[in-house]
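Work the whole structure out from these sequences, hints included.
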Amino acid sequence: MCVADRNGDVKVLLYQGYSCCYAESRSHLDRDITENRFPSFAGYRPTLERGPRVGPSEFEFAGCLTVLFFAAWTFYAESTRSSENRQSFSETKTESFAIMTRPRQNFHADCEAAINNQINMELYASYVYLSMAFYFDRDDVAFKNIKKYFLKASEEEREHATKLMEYQNMRGGRIILRSINKPAKDEWGNLAEAFSSALELEKQVNQSLLELHKLAGERNDPQFCDFLENTYLEEQVKAIKELSDHLTNIERVGNGLGEFIFDKDFDE
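Taking UniProt numbering, the leading residue of the sequence shown gets 1, the next gets one more, and so forth.
Simulated from the structure, these hints should not be mistaken for laboratory data. Since we're looking at a predicted model, the values are computed, not measured. Accuracy of the hints is not assured; some may be wrong.
Pairwise CB distance ranges (calculated) [as the list claims (entries may be wrong)]:
| hint | residue 1 | residue 2 | range |
| --- | --- | --- | --- |
| 1 | L210 | G258 | 33 to 39 Å |
| 2 | L210 | L177 | 21 to 27 Å |
| 3 | Q223 | R252 | 42 to 48 Å |
| 4 | P103 | D186 | 25 to 31 Å |
| 5 | L210 | R178 | 32 to 38 Å |
| 6 | G258 | M170 | 43 to 49 Å |
| 7 | A109 | L257 | 53 to 59 Å |
When the alpha-carbon atoms are kept at most 25 Å apart in a straight line, the in silico BS3-like pairs for lysine-lysine are as follows [said to hold, decoys possible]:
| hint | residue 1 | residue 2 |
| --- | --- | --- |
| 8 | K264 | K152 |
| 9 | K163 | K152 |
| 10 | K264 | K238 |
| 11 | K241 | K144 |
| 12 | K214 | K148 |
| 13 | K147 | K214 |
| 14 | K264 | K241 |
| 15 | K147 | K238 |
| 16 | K182 | K264 |
| 17 | K203 | K214 |
| 18 | K264 | K214 |
| 19 | K238 | K214 |
| 20 | K203 | K241 |
| 21 | K182 | K148 |
| 22 | K147 | K241 |
| 23 | K148 | K163 |
| 24 | K203 | K152 |
| 25 | K214 | K182 |
| 26 | K182 | K152 |
| 27 | K203 | K185 |
| 28 | K185 | K147 |
| 29 | K214 | K241 |
| 30 | K147 | K182 |
| 31 | K214 | K185 |
| 32 | K163 | K241 |
| 33 | K185 | K144 |
| 34 | K264 | K148 |
| 35 | K214 | K163 |
| 36 | K185 | K152 |
| 37 | K152 | K214 |
| 38 | K182 | K163 |
| 39 | K214 | K144 |
| 40 | K163 | K264 |
Note that beta-carbon positions come from the ideal geometry of N, C-alpha and C, so glycine has one too.
Put into structure tokens, the structure is as follows:
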């Protein structure tokens, strides 16, 4: 590496433990040694001294810029290479979804990925209803029939996820399970609060199914559309209506004794 002093007269070459100073003066120079060892500096007249490497305090401003330039360039090159490797892995992972299997026909990779997302959502809904069921089974809540209702709802949501898994395999897709989020809360309050949360959850699941149906139509997959319509969509509308009716009756009877009577007469 070459560094110039403030006057531009002296050049410093750092090379394998040697520090070599070049001046414009022609006195006391050993031309042969320098040109043989450093041919690219043949235009200068050097004095070669074996000694310790040049320390940071001896670098001038131009040398610092050179060091910073090469450090920045090395960082940029490594970052670019790392980014390309990540992109290559991502592309490989995406392409793996579209690998042809024997039963696969007219089954788009987007539909395959969306089914895996819906499986996760159905399992999450089952998880939430399970939390509600055993909340109402607590000794300080003790609504036994409500507990049975939400326990049944949890089992139904798990069955929905199972049917999607079976359909994924039937179409030649690949099931990819992910972590299931925990319910948003552990305390579900009174009956009105719990049924309001359940109603909102069913609407979210229904919206996700509608988007899945839309995707199937955009990918020209009538068999997938038919499966969703016959297995999920009508049932989802009925569940939303049922929860809405229960919520209306709960609000009508009020808290306290009204909730006790509602649970006692509640038979699903």
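Item checked: Violated hints, by number in ascending order, as checked against the structure -> 4, 5, 12, 13, 16, 18, 25, 31, 37, 39 and 40
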